[in-house]
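Chemist: If you're matching them up, the sequences are chains P and F in order.
Heads up, the first sequence is in the numbering used here, so the first residue is -5 and it goes up one at a time.
Heads up, the second sequence is in the numbering used here, so the first residue is -5 and it goes up one at a time.
No lab work stands behind these hints: they were computed from the structure.
Treat the numbers as computed from the prediction; the structure is a model and nothing was measured.
Note that CB positions come from ideal geometry on N, CA and C, so glycine has one too.
Just to be clear, a hint being listed does not mean it is correct.
Unchecked claim - Computed far set for chain F versus chain P, every beta-carbon distance over 10 Å:
id, residue
1, Gly218
2, Leu224
3, Glu242
4, Met410
To be verified - Below, simulated BS3-like cross-link-like pairs (lysine-lysine); rule was C-alpha separation at most 27 Å, straight line:
id, chain 1, residue 1, chain 2, residue 2
5, P, Lys20, F, Lys363
6, P, Lys375, P, Lys388
7, P, Lys63, F, Lys363
8, F, Lys63, F, Lys184
9, P, Lys309, F, Lys145
10, F, Lys109, P, Lys63
11, F, Lys341, P, Lys22
Number of protein chains: 2
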Amino acid sequence: MKVEPRTLPGFMELLPEDQILFNDMKQKIQNSYEKFGFLPLDTPIIEMSEVLLAKAGGETEKQIYRFEKGDNDLSLRFDLTVPLAKYVTEHYNDLSFPFKRYQIGKVYRGERPQKGRFREFYQCDVDIIGDGELSIINDAEMVSVIYTTIKELGFEDFTICINNRKILNGLFQEINQESLSVDIMRIIDKLEKIGKDNVIESLKDLQIPEKAIEQIMSFIQIKGETNEKLQLLKDYEFKNELINEGIEELEQVIKFVRALGVPDKNFKVDLTIARGLDYYTGTVYETFLNDYREIGSVCSGGRYDNLAEFYTDKKLPGVGVSIGLTRLFYKLNELNAIKLSQKSVAKVLVTPMQDEMQTALVVGTALRKANIPTQIYLENKKIKAKFKYADRLKIPYVITIGETEVQNNTVALKNMETGEQKTLSIEDAITILK
Amino acid sequence: MKVEPRTLPGFMELLPEDQILFNDMKQKIQNSYEKFGFLPLDTPIIEMSEVLLAKAGGETEKQIYRFEKGDNDLSLRFDLTVPLAKYVTEHYNDLSFPFKRYQIGKVYRGERPQKGRFREFYQCDVDIIGDGELSIINDAEMVSVIYTTIKELGFEDFTICINNRKILNGLFQEINQESLSVDIMRIIDKLEKIGKDNVIESLKDLQIPEKAIEQIMSFIQIKGETNEKLQLLKDYEFKNELINEGIEELEQVIKFVRALGVPDKNFKVDLTIARGLDYYTGTVYETFLNDYREIGSVCSGGRYDNLAEFYTDKKLPGVGVSIGLTRLFYKLNELNAIKLSQKSVAKVLVTPMQDEMQTALVVGTALRKANIPTQIYLENKKIKAKFKYADRLKIPYVITIGETEVQNNTVALKNMETGEQKTLSIEDAITILK
């Protein structure tokens, strides 16, 4: 009796060619994060439920993979932020602040499986954590991180939307709707998705007076270029301290974002961006690929006052962003929009014509020593089958070694794309392949 | 009420400095695997228990992390071989054979926690899978993979021990102990660990006649250089087909290993190497760091006739090796024997002396554009605190920017190791840092 080999629904498992593209994206994100000096972290996937769920509730708790092993109540991590909070508190004395870390790893959420939704998926997080305080310039640096990373992934036409929650929260104070601020933000965050009229309807459902709704709507729809918007915000001449703090921070962030070389065409102030999480307290970000708006935000995050309040009294403010790589890869692949071109691991397939295996092994070893990823075809097959193999694996070059090549100490190098073939010394072949 | 943030026992969680070393080892292993053209794979950590445990039993089953979620009986993978078997069977029609893949990922075993034993650990696997058949030359290539990978990790003095199980199995046929072959192999595999006398005692416990024990012992202790051993084996002039097949294969493997440029000093024939798994059917490998024998084998594996017999009738022979990275890192770190030197992510810390933040941001961005991992110090602290920060993070260079530097469009570059400081143009600083 054979068992049928199946993969669970909601779990991505790629064929090699797609896996190469996926890994390439992952590597480029990592390279970009490291370019900013973020330190790597790799926390366990399993944690004590008590620790992991210290803060959770509602949807998160229902989706969690939770189980007992021996006497332990265990859970699989559902994001990389809670493990970071745990890590920073636990290792506080051994860390240097500001603590800049990135983590790229799998997280688990038992959502109802549906197309493009995954139960196991990669998050790629960067955060900067301060000890007691953290300069606003970090909020600008985060925009530079997003900019550099999305560029590294091959995109040019994208917009990083920046807002500051203090502005919205201040506004809600002004119009006496502070108690509803989380709900209101959840609604206006959907402005683009559900449209103006539906936002107004939803706000009415919250029993917010029409006058207040008008104020909210006119405020979040302020138009203009970045500098104009900032000026319009200041022109309101609010008395509310929180709003003014938010506007001041936003202005600072924009100033430093420009100093960090992020072009104006790649960011904008967007007062509707609220991020549906009550976790954020200041700057918030969302990022859209303008040719693929339907994907939604590809990189989001923001500033928070306190990373680890469930574990410690220490004040640990931070700012960070995250890329949901599994979903992003899935969507881009579906849209045929992946901007990378790596297709194979091996750059060359080395194969004997007939009985020249010894020489093929020597040549293959020489190429590998020169750091050229090389596969040697070791099976006893017809030459046609070997070329077909290289073709299917999209290996760009094939080196064949026949009697003549052994005698002359040369190799025959074929470019699989152009079909061009040359007889060369091994050294010259290495130069071409490098 | 605060929750105490704790990490589960048996789960490795490193401080950044160690994590950098760990990642460096992982990256070097990956680079080495890719140099041979192995394709990347990334299978889910959670699988259906029915699929994952199709073959398991005994110890493995007891150690498994198994739980229910909704109606599903799920388990965490305990190795990367079963997922490979699943993958190859499931995607058979989409793969090209020989299928060469590597997978580096976490696996889970709920062992009793003890020092140096982990419940979550990385395995780094490479395997070559044939469709119906697979040339013996692949067994030699695997030795070249081990050799290249261990060298890449910075070691020179190591020995890859090679054996062929057909030789041992044939011998057990010869002495009429075939039914005990798995048990005998398990015992002689421990020869180095427990010594000759204990091996003999254990064999006696199996009720094996003294004459047979003598034959086993003299056989597995054949001495000499590789070629002498091969000759001695042939001199026995066995009539047993299996032994002769094993000797013939071993001889072939050694021949091709040499063609692949693996020096004789880094491998040897060792007839005691049996690998305690009845899974292997031909060539087997273990690898020892000669200065750190106490770690045990750091890279092991072998040839198997049939990868996926629990899922399919197709014959899928393969050969592969694995590195248990988490334990290896732990042991090497404990012995202060890690041969890599990367200590920080950022190569340089850029910091304003006082109010030169704008320029610092511009300079930092220029360095990052030149692909130099750069951290900009953004907090408002005394210059001494900034240097201390660079020191603690082991960042090798610090660039300071003061009034003079802003005026002259220069930077002050300090080498943190030598203490030497130079005033340079940004371009010259980039050249030095590259």
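Chemist: Is the nearest CB of chain P more than 10 Å from the CB of F/Gly218?
Modeler: holds, 25 Å
Chemist: Could you grab the alpha-carbon distance between P/Lys309 and F/Lys145 and see if it respects the 27 Å cut-off?
Modeler: violated, 46 Å
Chemist: For the pair supplied as a hint, F/Lys63 and F/Lys184, confirm whether the alpha-carbon distance does not exceed 27 Å.
Modeler: violated, 41 Å
Chemist: Has the given pair, P/Lys375 with P/Lys388, been kept, meaning a C-alpha gap of at most 27 Å?
Modeler: holds, 19 Å
Chemist: Can the restraint linking F/Lys341 and P/Lys22 be considered satisfied, given a maximum Cα separation of 27 Å?
Modeler: holds, 18 Å
Chemist: Run the C-beta distances from F/Met410 to all of chain P and say if the shortest one exceeds 10 Å.
Modeler: Since the minimum Cβ distance to chain P is about 14 Å, F/Met410 lies beyond 10 Å and the statement holds.
Chemist: Check the non-interface label on F/Glu242: least C-beta distance to chain P beyond 10 Å or not.
Modeler: The claim holds: F/Glu242 sits with its nearest Cβ about 16 Å from chain P, beyond 10 Å.
Chemist: Over 10 Å to the closest beta carbon of chain P is the bar; see if F/Leu224 clears it.
Modeler: F/Leu224 clear of chain P: closest Cβ-Cβ about 18 Å, beyond 10 Å.
Chemist: For the pair supplied as a hint, F/Lys109 and P/Lys63, confirm whether the alpha-carbon distance does not exceed 27 Å.
Modeler: Since the Cα atoms of F/Lys109 and P/Lys63 sit roughly 20 Å apart, the hinted pair holds (cutoff 27 Å).
Chemist: Next pair to validate is P/Lys63 with F/Lys363; report whether the Cα-Cα distance is within 27 Å.
Modeler: violated, 49 Å
Chemist: Would you mind confirming whether the straight-line C-alpha gap from P/Lys20 to F/Lys363 stays at or under 27 Å?
Modeler: holds, 19 Å
The structure fails hints 7, 8, 9 (numbered hints given earlier, in ascending order).
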